[in-house]
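*Asks:* As a plain string of letters, each chain reads:
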Amino acid sequence: MKFHGTRVLLSALKYITIGVFILWVLIPVAWVVSLAFKPYAEWRVSYFVPKNFTWNNFIVLFKSEAFIGIMGATAIVEPVTKPLINSLVVTSLSTIMAVMIGFFTAYGASRYNTPGPFGLFFTLLTRMLPPATFVTPIMVYYSNLKLLDTHFSLIILYSAVTVTYGIWILKGFIDAIPIEWEEAAMLEGATPIKTLFKVVLPIARPGLVVAGLFIFLLTWTELLFALVLTNVYAVTLPVHISKYVGAVGQLYGPQAALALIGSVIPIAIGYAIQKHLVTGFTFGMVRG
Amino acid sequence: MPEKPPREIKYLATLPVNILLNAVLIIPFAIMIYLAFLKWSPAMGMNWWEAPITGLTNFARALGDARFITALSRTTIYTVSVVTIEFFLGLALAYIMLGDFVGKKAAIAITIYPLMLPPVVVATIFYLMFQSYGPVNNLFLRAIIGEDALRIYWFLKPDTAFITLLIADIWQWTPFMFLIMYSALSAVPKRLVEAAEVLGASSFTIFWKVRLPLIKPLIIVALVLRGLEAFKMFDYAFIMTGGGPGTTTETVSMYIYRTAILYTDISYAAAMSLMILAMIIVVVRAFIWYFFEKGR
Chain A
0 MKFHGTRVLL
10 SALKYITIGV
20 FILWVLIPVA
30 WVVSLAFKPY
40 AEWRVSYFVP
50 KNFTWNNFIV
60 LFKSEAFIGI
70 MGATAIVEPV
80 TKPLINSLVV
90 TSLSTIMAVM
100 IGFFTAYGAS
110 RYNTPGPFGL
120 FFTLLTRMLP
130 PATFVTPIMV
140 YYSNLKLLDT
150 HFSLIILYSA
160 VTVTYGIWIL
170 KGFIDAIPIE
180 WEEAAMLEGA
190 TPIKTLFKVV
200 LPIARPGLVV
210 AGLFIFLLTW
220 TELLFALVLT
230 NVYAVTLPVH
240 ISKYVGAVGQ
250 LYGPQAALAL
260 IGSVIPIAIG
270 YAIQKHLVTG
280 FTFGMVRG
Chain B
0 MPEKPPREIK
10 YLATLPVNIL
20 LNAVLIIPFA
30 IMIYLAFLKW
40 SPAMGMNWWE
50 APITGLTNFA
60 RALGDARFIT
70 ALSRTTIYTV
80 SVVTIEFFLG
90 LALAYIMLGD
100 FVGKKAAIAI
110 TIYPLMLPPV
120 VVATIFYLMF
130 QSYGPVNNLF
140 LRAIIGEDAL
150 RIYWFLKPDT
160 AFITLLIADI
170 WQWTPFMFLI
180 MYSALSAVPK
190 RLVEAAEVLG
200 ASSFTIFWKV
210 RLPLIKPLII
220 VALVLRGLEA
230 FKMFDYAFIM
240 TGGGPGTTTE
250 TVSMYIYRTA
260 ILYTDISYAA
270 AMSLMILAMI
280 IVVVRAFIWY
290 FFEKGR
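Note that the protein sequences, when read in sequence, are chains A and B.
Sequential numbering from 0 applies to the first sequence in numbering that gives the first Met the number 0.
Sequential numbering from 0 applies to the second sequence in numbering that gives the first Met the number 0.
Only chain A is shown next, with the shape it has when bound in the complex:
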């Protein structure tokens, strides 16, 4: 039974590999979760389960406080409330805009080939090139238009850089809808606009949800544009996290708590569209 032995060994090896990888993925997050509930005295210890469980790390995030930061410079840290609300507002509105515009464009591209293959491919560029190479002129342009540090500037910018995903994900969904249904509706005398809104839109709704959640995920996590374009008034959550982590230096507990606050929504959304993540990340080039 030598053959049987190798088989057992191989399958054991398989479980061990998977187990090791799962640990590698879980340990950093487990550490941050435990840190977020540890009091000051336990931030430098090596065990994971806190001895004195506390919510204090979360509470301080919602207060405005002055910290002695790196190199003795004091940093006034704003409460997390405003960035959180800003992120919700900016992300939701830009997502809705990107999905709707993406839907119209995808419909035209799918049924009538309107922007042409080159135009569609061009939209991909906006997503592939580094944001850092765009951010300079956008800052100049927005400051000329007096749009710096406004929600509006972020909303239109985010919808412009994510509309690509809307177009490509939704094009896949619309391509799969049988064209006969629209033809039937038009034969009945429905106008093209009515057909679009009353026939195609309801059928494509799952696609709209997937595209919307995916774009929400991407926008929610964006740092660089928001960092450059906002200052005080329209600061988003990633900007707040990046400034906070730098400003408070070694306040590990609140930093960990802030990381948790920043990841609740994306994790929830990510699992909601788990099946479609591949489609999303590859612009619909790969079916999930």
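The set of hints was computed from the structure by calculation and includes no laboratory data.
Treat the hints with care, since some could be wrong.
Derived pair list, reagent style DSBU-like, types lysine-lysine, alpha-carbon separation capped at 30 Å [said to hold, decoys possible]:
no., chain 1, residue 1, chain 2, residue 2
1, B, Lys103, A, Lys193
2, A, Lys81, A, Lys145
3, A, Lys193, B, Lys3
4, B, Lys208, B, Lys104
5, A, Lys242, B, Lys156
6, A, Lys62, A, Lys81
7, B, Lys215, B, Lys103
8, B, Lys38, A, Lys145
9, A, Lys13, A, Lys274
10, A, Lys62, A, Lys242
11, A, Lys274, B, Lys189
12, A, Lys81, A, Lys242
13, A, Lys274, B, Lys103
14, A, Lys242, A, Lys145
15, A, Lys13, B, Lys215
16, B, Lys208, B, Lys103
17, B, Lys9, A, Lys197
18, B, Lys208, A, Lys13
19, B, Lys3, A, Lys197
20, A, Lys197, A, Lys274
21, B, Lys208, B, Lys189
22, A, Lys13, B, Lys103
23, B, Lys208, B, Lys293
24, A, Lys274, B, Lys208
25, A, Lys13, B, Lys189
26, A, Lys274, B, Lys104
Heads up, incomplete: computed chain B residues facing chain A, CB under 8 Å, no partners named [claimed, not checked]:
no., residue
27, Glu7
28, Ala12
29, Leu24
30, Ile30
31, Ile95
32, Met96
33, Thr110
34, Tyr112
35, Pro117
36, Ile124
37, Leu227
38, Leu276
39, Ile279
All values derive from a computational prediction rather than experimental measurement.
Glycine included, C-beta positions come from ideal geometry on N, C-alpha and C.
Got chain A; can you put chain B on it based on the hints?
*Replies:* Same frame as chain A, but now just chain B:
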């Protein structure tokens, strides 16, 4: 369906997207091309359209700028390393998880969650992990090399600081490779694999000669997308190392950001941006040509 789109549909499908992209991206892009040939900074006290045109000065300056060249080569090394490691890890993992086993759904769900986290959060996580009293030192290295482990300051040495960035990237994006490779491998028709088995091919041969050639286009897509993303890297370095110590972990994105925002040298930043864009387009084009068009 009629061949030509009805007028309403045509407007709806082209106008909003064109207005949006033109107003937000294409006009600024045109401004950038102009800016790159100027000498302008807001500190000069004039508007950019009044600034003097200096031709190719900014581009020449970039070619002689050691900090730019170093950042560029460092970002390239970073991109190549993380994409290679992530690809092989992801492919291996996808192959291992292809068959059925107990708890497969849960295993996949756990494997892919780093993908959903914001990069700023991942950066914060690894900033905390690599503190001198963080678990990497306090738990793992202490078990191996003893108390000395607590005196390792990961972010104070260029090499170790760079390694922390690599680890953060690999941690977050190996699941991306895994996910694409997994769905690609699952889509390989079963009958092809079975036919090869009947012909007596070993599982290694099947993988190498049947599965891999079939998923090659998807591998290219995954490598290109991941490579482009890795080259953008900003968030990890900004939060974990701040580009430091000194400027030893500064990426191209960070240097452009600092040139534009901290040093307010807008026209120079625009020139560097254009050079980076041109390079990326050339590299991606060459990649596509090499894998898809050569020999056809």
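*Asks:* Evaluate each hint against the coordinates.
*Replies:* Hint-by-hint comparison with the structure:
1. B:Lys103 with A:Lys193: At roughly 45 Å apart (the allowed maximum being 30 Å), Lys193 (chain A) and Lys103 (chain B) break the hint.
2. A:Lys81 with A:Lys145: 22 Å, holds
3. A:Lys193 with B:Lys3: Within the cut-off at roughly 18 Å; holds.
4. B:Lys208 with B:Lys104: 28 Å, holds
5. A:Lys242 with B:Lys156: Satisfied, since the Cα-Cα distance of roughly 23 Å is no more than 30 Å.
6. A:Lys62 with A:Lys81: 11 Å, holds
7. B:Lys215 with B:Lys103: 25 Å, holds
8. B:Lys38 with A:Lys145: 23 Å, holds
9. A:Lys13 with A:Lys274: OK: Lys13 (chain A) and Lys274 (chain A) at ~24 Å, within 30 Å.
10. A:Lys62 with A:Lys242: Holds, because 15 Å separates the two Cα atoms, which is no more than 30 Å.
11. A:Lys274 with B:Lys189: Given pair Lys274 (chain A), Lys189 (chain B) holds - Cα atoms ~21 Å apart, limit 30 Å.
12. A:Lys81 with A:Lys242: Holds, at roughly 14 Å.
13. A:Lys274 with B:Lys103: 15 Å, holds
14. A:Lys242 with A:Lys145: 24 Å, holds
15. A:Lys13 with B:Lys215: 24 Å, holds
16. B:Lys208 with B:Lys103: 26 Å, holds
17. B:Lys9 with A:Lys197: Judged against 30 Å, a Cα distance of about 18 Å means the pair holds.
18. B:Lys208 with A:Lys13: Since the Cα atoms of Lys208 (chain B) and Lys13 (chain A) sit roughly 22 Å apart, the hinted pair holds (cutoff 30 Å).
19. B:Lys3 with A:Lys197: 21 Å, holds
20. A:Lys197 with A:Lys274: Since the Cα atoms of Lys197 (chain A) and Lys274 (chain A) sit roughly 27 Å apart, the hinted pair holds (cutoff 30 Å).
21. B:Lys208 with B:Lys189: Distance ~14 Å between Lys208 (chain B) and Lys189 (chain B) Cα, so the pair holds.
22. A:Lys13 with B:Lys103: With Cα atoms ~12 Å apart, Lys13 (chain A) and Lys103 (chain B) stay inside 30 Å; holds.
23. B:Lys208 with B:Lys293: 21 Å, holds
24. A:Lys274 with B:Lys208: 28 Å, holds
25. A:Lys13 with B:Lys189: 21 Å, holds
26. A:Lys274 with B:Lys104: 12 Å, holds
27. Glu7: 5 Å, holds
28. Ala12: With a minimum Cβ separation of about 2 Å from chain A (threshold 8 Å), the hint on Ala12 (chain B) holds.
29. Leu24: Holds: closest Cβ of chain A sits about 5 Å from Leu24 (chain B), inside 8 Å.
30. Ile30: Cβ of Ile30 (chain B) sits 5 Å from chain A, so the hint holds.
31. Ile95: Holds, about 5 Å.
32. Met96: 7 Å, holds
33. Thr110: Since chain A brings a Cβ to about 6 Å from Thr110 (chain B), closer than 8 Å, the hint holds.
34. Tyr112: 6 Å, holds
35. Pro117: 3 Å, holds
36. Ile124: 5 Å, holds
37. Leu227: The hint holds - Leu227 (chain B) has a Cβ within 8 Å of chain A, the shortest such distance being about 5 Å.
38. Leu276: At 5 Å from the nearest chain A Cβ, Leu276 (chain B) passes the 8 Å test, so the hint holds.
39. Ile279: Holds. Min distance 6 Å.
Violated hint for the displayed structure: number 1, the only one.
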